[in-house]
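J.: Those protein sequence lines, which keep their order, are chains A and B.
Going left to right, the first sequence walks through residues 111 to 505 as my numbering numbers them.
Going left to right, the second sequence walks through residues -8 to 134 as my numbering numbers them.
Incorrect hints may appear among the rest.
[What the hints assert, rightly or not] Among the chain A residues that face chain B by a calculated CB cut under 7 Å, a handful are:
1. ILE250
2. ARG319
3. PHE320
4. CYS321
5. ALA334
6. ASP340
7. TYR418
8. ARG429
9. LYS431
Hints are computed from structural coordinates only; laboratory data are not their basis.
Every residue, glycine too, gets a C-beta built ideally from N, C-alpha and C.
Here is how the chains run, residue by residue.
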Amino acid sequence: MSKNIIPVGPFHPLLEEAEYFTLKVDGEKVIGIDLDIGWMHRGHEFISETKTFTQSIYLVERICGICSTSHPLACVHAIEDIDNIEIPIRARYIRTLIGELERIHSHLLWIGLAGHFIGYDTLWMWAWKYREPVLQMFEIISGNRNHYGMMRVGGVAKDVDPSSIPKLNNILDDIAIKMDMIAKAANDDPVLRSRLVGVGVLSHEDAVRFCAVGPTSRASGIPADVRKDDPGDAYDLVEFNTIVLKNGDVYDKLVVRVLETLESIKIVRQCLDKLKNINGPILNNVKEISPGEGIGRYEAPRGEVFHYIRSDGSNRPVRHKVRAPSYVNIPTFEASCIGIPIADALITLAAVDPCYCCTERSIKIVDSSRQPTRIDLLKISRDKTDYLRRQINGN
Amino acid sequence: MDNVENFISLHNTKISKLIKKKKRFYFDVKNDDVREIADYLFNKIGCRLSTATAQETYNGIEVLYHFSHDESGQYFCPRVVITDKKNPEMNSITPIVKGAEWIEREMYDLWGINFVGHPRLELLLTKDNPAGIKQPLRFRRES
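Assemble the whole structure, with the sequences as input and the hints as a guide.
T.: Below, the structure written as structure tokens:
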């Protein structure tokens, strides 16, 4: 059978960050994958060195539109690490509240997209519908649905209005009910199980070898979570569980995210309770940053966000290194995509949750006679789910 | 004895300029020893490579690896200073830590550091911009 090459990207609807994958296929089976990035290299690290520390926080907030508070949070952690700056207790709870709400809406976004890719449009519509109230909570807290502008060195920029807490609690109660329903649906549905169990397995050894982070590594049995390992903000003051599963397939990655969302709801509830009772300042006045170097990290929805900042005592960083979680998770495709059918490649590529965008897809098969023919990867994936559904339902 | 003290006692002849902070440990290593140190951190005590940071200073080009010991939340950061700025070269740790493949390619791309022993030393970010500035983050840019 002839070997074909399927180029996916560089501007592929699945991948906001415009990676370019070359899938080598033998018949239906993927036998090789080559990854290519750099299509959206925007020079944030260099630009940051020309900005003041406070301006850098706003700059890094624009790196990602979905987890837009993870980068600023890691950035302020790095700056605070240089001087061991203390944060007021109320600000610590507000930071944790914002971070966890972001995890809820980011995971819901992924759950919806994953449902769409495998032909589960009900799950997609549910998840995105129930994501909307989370954005409304952000609007109540910060005034913005995205890019909240809350982080500052030494605390947060805006306080949470105590009179809004009952309303936030009500919205959270609704989200919790709906999340329980999605968790139950994911657990009970035979089609979802047969479609995702054993697909795109990333073994524990490969996850260690590729230094994977976040839900991608936790679904492969690595119990790494920055919130537990190196707790900043209020993570050592709230109770939650780290979700770790063993199989490393797409189903486990789905379950990790669903269960993590339930844990996040628990954390948000604890933060709101504390914010009713704890009063005090929300920002320590930091006048200057000493010469030195600092490392800041935060467990973003996709895994560990890493920032390294070196200061020479002026008002701007001399070096600002940024590493997003997708940067270490995307190379794991070399381990998880080999040997699987093309119909499963789409959901496997999506399973590490690389940042998405919503433009139209364009995929071409280049065959041996160099005559390009168009195929729809989404259709192949959804057809497989339909086939399984028919088999399970017996018609 | 904690991880850091244990590490120092085992490698005290190979590390210098130690900076110890809360859960952060920075130290200098020589180019010849970087693989041994990476092997110890990654394979012996189970650290994960977060990433690496390159920076050009007046003394040379620094490459700072960030190894995270997730069980304790401790960072080990070995730093290699390459003094030959014209032909910067150092040993790659990718044969030991697969996760270093992309970041070493990125440093090769943006700083021009030649990583000896890297299995696939190609440009990562500016490959499709042949007319652009080469090694854009160096002090003196070559056009």
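J.: Each hint should be assessed against the structure and marked as holding or not.
T.: Each hint tested on the structure:
Because the beta carbon of A/ILE250 sits about 33 Å from the nearest beta carbon in chain B, more than 7 Å, this interface hint is broken. Among the interface hints, the one on A/ARG319 holds; its C-beta lies about 5 Å from the nearest C-beta in chain B, closer than the 7 Å criterion. The restraint placing A/PHE320 at the interface with chain B holds, with a minimum CB-CB distance near 5 Å, inside the 7 Å limit. This hint holds: A/CYS321 has a C-beta 3 Å from the nearest C-beta of chain B, less than the 7 Å allowed.
Taken as an interface hint, A/ALA334 checks out: its beta carbon lies about 4 Å from the nearest beta carbon of chain B, inside 7 Å. Annotation: interface hint on A/ASP340 holds; nearest CB of chain B at approximately 4 Å, less than 7 Å. Among the interface hints, the one on A/TYR418 holds; its C-beta lies about 5 Å from the nearest C-beta in chain B, closer than the 7 Å criterion. Using the Cβ-Cβ criterion of 7 Å, the hint placing A/ARG429 at the interface with chain B is satisfied: the shortest such distance is roughly 5 Å.
Interface hint status for A/LYS431: upheld, as the beta-carbon distance to the closest one in chain B is roughly 4 Å, under 7 Å.
Violated hint for the displayed structure: number 1, the only one.
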